[in-house]
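These protein sequence lines are chains A and B, in that order.
All residue numbers for the first sequence refer to my numbering, where the first residue is 1 and numbers rise by one.
All residue numbers for the second sequence refer to my numbering, where the first residue is 1 and numbers rise by one.
Among the hints, erroneous ones may be present.
Stated by the list, open to error - Each computed EDC-like pair below joins lysine to aspartate or glutamate, with the alpha-carbon atoms no more than 20 angstroms apart:
| # | chain 1 | residue 1 | chain 2 | residue 2 |
| --- | --- | --- | --- | --- |
| 1 | B | Lys201 | B | Glu296 |
| 2 | B | Lys174 | B | Glu136 |
| 3 | B | Lys383 | B | Asp257 |
| 4 | B | Lys326 | B | Glu374 |
| 5 | B | Lys131 | A | Asp134 |
| 6 | B | Lys383 | B | Asp289 |
| 7 | B | Lys192 | B | Asp207 |
| 8 | B | Lys174 | A | Asp186 |
| 9 | B | Lys234 | B | Asp39 |
| 10 | B | Lys126 | A | Glu123 |
| 11 | B | Lys126 | A | Asp134 |
| 12 | B | Lys126 | B | Asp138 |
These are computed hints drawn from the structure, not numbers from a lab.
Since we're looking at a predicted model, the values are computed, not measured.
This is what each chain is made of:
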Amino acid sequence: MLSDADWGAIWLTLRLATTVTILLLLLGTPLALWLAKTRSRFKGPVSALVAMPLVLPPTVLGFYLLIFMGPSGPMGKFTELLGLGTLPFTFWGLVVASLLYSLPFVVQPIQNAIEAQGARPSEVAATLRSGPWDRFWHVTLPLAKPGILTATVLGFAHTVGEFGVVLMIGGNIPGATRVVSVQIYDHVEALEYTQAHWLSAVMIGFSFLVLLLLYLLQHRKSAAGIRYGI
Amino acid sequence: MASERDFPDSAPHLPARGIVGHFHLPMQNDTGDRRFTLDVKLDLPGRGVTGIFGPSGSGKTTLLRCIAGLQSCDNGSLSVNGEPWQFAHNPRKTLAVHRRPLGFVFQQPSLFPHLSAEQNLTFARKRAWQKVSPTEYDQIIALMGIEHLLRQYPAALSGGEQQRIAIARALLVKPRLLLMDEPLASLDQMRKREILPYLEKLHRALDTPIIYVSHSVEEIARLADHLLLMDSGKIQRQGPAASILSRTDFPVQLGDDLGVLIQARIAERNSEWHLARAEFDGGHLWLRDSGEAAGEFIRVRILARDISLTLNEDTRSSILNRLPVKVQEISADRDPAMVLLRLQPSGDQATVHGESHLIARITRRSLQELAITEGSELWAQIKSVAIVR
Numbered sequence: 001m002l003s004d005a006d007w008g009a010i011w012l013t014l015r016l017a018t019t020v021t022i023l024l025l026l027l028g029t030p031l032a033l034w035l036a037k038t039r040s041r042f043k044g045p046v047s048a049l050v051a052m053p054l055v056l057p058p059t060v061l062g063f064y065l066l067i068f069m070g071p072s073g074p075m076g077k078f079t080e081l082l083g084l085g086t087l088p089f090t091f092w093g094l095v096v097a098s099l100l101y102s103l104p105f106v107v108q109p110i111q112n113a114i115e116a117q118g119a120r121p122s123e124v125a126a127t128l129r130s131g132p133w134d135r136f137w138h139v140t141l142p143l144a145k146p147g148i149l150t151a152t153v154l155g156f157a158h159t160v161g162e163f164g165v166v167l168m169i170g171g172n173i174p175g176a177t178r179v180v181s182v183q184i185y186d187h188v189e190a191l192e193y194t195q196a197h198w199l200s201a202v203m204i205g206f207s208f209l210v211l212l213l214l215y216l217l218q219h220r221k222s223a224a225g226i227r228y229g230i
Numbered sequence: 001m002a003s004e005r006d007f008p009d010s011a012p013h014l015p016a017r018g019i020v021g022h023f024h025l026p027m028q029n030d031t032g033d034r035r036f037t038l039d040v041k042l043d044l045p046g047r048g049v050t051g052i053f054g055p056s057g058s059g060k061t062t063l064l065r066c067i068a069g070l071q072s073c074d075n076g077s078l079s080v081n082g083e084p085w086q087f088a089h090n091p092r093k094t095l096a097v098h099r100r101p102l103g104f105v106f107q108q109p110s111l112f113p114h115l116s117a118e119q120n121l122t123f124a125r126k127r128a129w130q131k132v133s134p135t136e137y138d139q140i141i142a143l144m145g146i147e148h149l150l151r152q153y154p155a156a157l158s159g160g161e162q163q164r165i166a167i168a169r170a171l172l173v174k175p176r177l178l179l180m181d182e183p184l185a186s187l188d189q190m191r192k193r194e195i196l197p198y199l200e201k202l203h204r205a206l207d208t209p210i211i212y213v214s215h216s217v218e219e220i221a222r223l224a225d226h227l228l229l230m231d232s233g234k235i236q237r238q239g240p241a242a243s244i245l246s247r248t249d250f251p252v253q254l255g256d257d258l259g260v261l262i263q264a265r266i267a268e269r270n271s272e273w274h275l276a277r278a279e280f281d282g283g284h285l286w287l288r289d290s291g292e293a294a295g296e297f298i299r300v301r302i303l304a305r306d307i308s309l310t311l312n313e314d315t316r317s318s319i320l321n322r323l324p325v326k327v328q329e330i331s332a333d334r335d336p337a338m339v340l341l342r343l344q345p346s347g348d349q350a351t352v353h354g355e356s357h358l359i360a361r362i363t364r365r366s367l368q369e370l371a372i373t374e375g376s377e378l379w380a381q382i383k384s385v386a387i388v389r
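Sequences and hints are given; from them, build the entire structure.
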């Protein structure tokens, strides 16, 4: 059924998706909080930038990242200066690309969940002697929990499913950048349809389970009277 | 001092300290088509209940939010019973909301939905200014009558129950000033009646000054000792609630709610008729006995529409309360069919310089047919007297 190479691709994909999801939650939550609360004139431009990966062809994003992180790009020069070499065609290069590519799927649900709370819970907490940091941990975040769950599931699933960006920036190096979607592409190129079938079936099953989990969670939460959106 | 709290309008002196400050803030309503400036100089007593009364959109809530610090106001200053909260010339020293020793009850019950009722209370108790002892905790729970609700989540509670828990939560931070923003406005009539007694108990049990925003005369009449009338962002009038509410030239249209507020004392209780006799400085009134002990001070409200006038005493009437009165002043009502009469009780029991007067609202036609003029001696028949406190 699944070859060692297939299992390697699955393992790599899960490692990538987990790393990206954790980093995205850490970086995306403050960004979502800022977007939800700010009245700055930069809110529009920043929102548009965050949402760009939703509409851009992945190849465009991958192309510019390749140049940006390559030996003559600004980030490439910086990473070489630090003695890290260049990022394209490495696992961490994929991580950086996926962070950008999956950003809207994490930021938007959290931002919506915080915006849906309105200012009231935070104001109430302030009148109960709760300072800004205390309010964030004990009121804003717990109330945004459904949105954070959605963000986690979507961010993870979307990273698992990416292909174009990986192809542009990661190439096809076993154990470093050959994720499941690329492995399926390889099988089809080599006319190994049985192998391609097996891996594809695993992906279909996985995607269905993830989305089912998401909708079950949403249903339970909305029954408890807490609203939020994707 | 207890009698002073029961009888605040006769208190001979104002407390030396109080709630003093000013706020100047340009504002606009939600749709942005009406702009006005909140421009208020505060000098409120540092004890008892101060009612802020006015039509919607008059800036009452904004003023309360300025006091709490929820609305930032660069041109403002505030000190509460000697503690400075906000400085006009030094905005950086202004205390943030969570550093002001206040409690706030919002118009909508605003319990945290992810916490149970008890956890909501614990949230406040943990952050209180001073340690809340178990006895105090139990007292507040009992005061609001919420023991049986503690395990529930807010979604399972009625609006009135949620609001009682929200009030208890505000008390548990041990505020030195309690701000209430129309706490009953979002509730239906039934729930209002359910909560009002708790608010009255609060007023009696607590030393904390309360600022209570409302556009309901009934609530203000029952709760407020001191009253501040607002319109278009300005203070129209302020003073003791009883004297402000008992004026014919009340600046806000009250219609059927116009009436007087009278301080009285239960003189005797009659068990045969289930009546009580209350003395005030214009005579005495018979009331339905509702359990007050003789000697207790009460506040009664007599609506202008519940007073009818006769030229002679009509002893063959079912109306118990008949008082000889003298017409002090006749003024126009906003309704062209009606006039307002300010009446001074003139009976034997009336104190000569009594503050209490009555307001009657009668038709212009009756005024002419009975040939009533300022100075006429008449009898006032009072159809109903409500004990509001």
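Given the hinted pair lysine 126(B) and aspartate 138(B), is their alpha-carbon gap at most 20 angstroms?
-> Given pair lysine 126(B), aspartate 138(B) holds - Cα atoms ~15 angstroms apart, limit 20 angstroms.
Lysine 174(B) and glutamate 136(B): Cα distance at most 20 angstroms?
-> Measuring from Cα to Cα gives roughly 10 angstroms; hence the hint holds.
Given hint glutamate 123(A) paired with lysine 126(B) - CA-CA distance at most 20 angstroms = holds (17 angstroms)
Taking 20 angstroms as the top limit, are the C-alpha atoms of lysine 383(B) and aspartate 289(B) close enough?
-> Holds, because 16 angstroms separates the two Cα atoms, which is no more than 20 angstroms.
Is the straight-line distance between the alpha-carbon of lysine 234(B) and that of aspartate 39(B) 20 angstroms or less?
-> holds (6 angstroms)
Taking 20 angstroms as the top limit, are the C-alpha atoms of lysine 201(B) and glutamate 296(B) close enough?
-> Cα-Cα ~15 angstroms, so holds.
Verify the proposed pairing of lysine 383(B) with aspartate 257(B), using a straight-line Cα cut of 20 angstroms.
-> holds (15 angstroms)
Does the structure keep lysine 126(B) and aspartate 134(A) at a Cα separation of 20 angstroms or less?
-> Given pair lysine 126(B), aspartate 134(A) holds - Cα atoms ~12 angstroms apart, limit 20 angstroms.
Mind checking the alpha carbons of lysine 174(B) and aspartate 186(A) for me, to see if they're no more than 20 angstroms apart?
-> violated (69 angstroms)
Verify the proposed pairing of lysine 192(B) with aspartate 207(B), using a straight-line Cα cut of 20 angstroms.
-> Violated - the C-alpha atoms of aspartate 207(B) and lysine 192(B) are around 24 angstroms apart, more than 20 angstroms.
For the pair supplied as a hint, lysine 131(B) and aspartate 134(A), confirm whether the alpha-carbon distance does not exceed 20 angstroms.
-> holds (19 angstroms)
Given the hinted pair lysine 326(B) and glutamate 374(B), is their alpha-carbon gap at most 20 angstroms?
-> holds (8 angstroms)
In summary, the numbered hints that this structure violates are 7 and 8.
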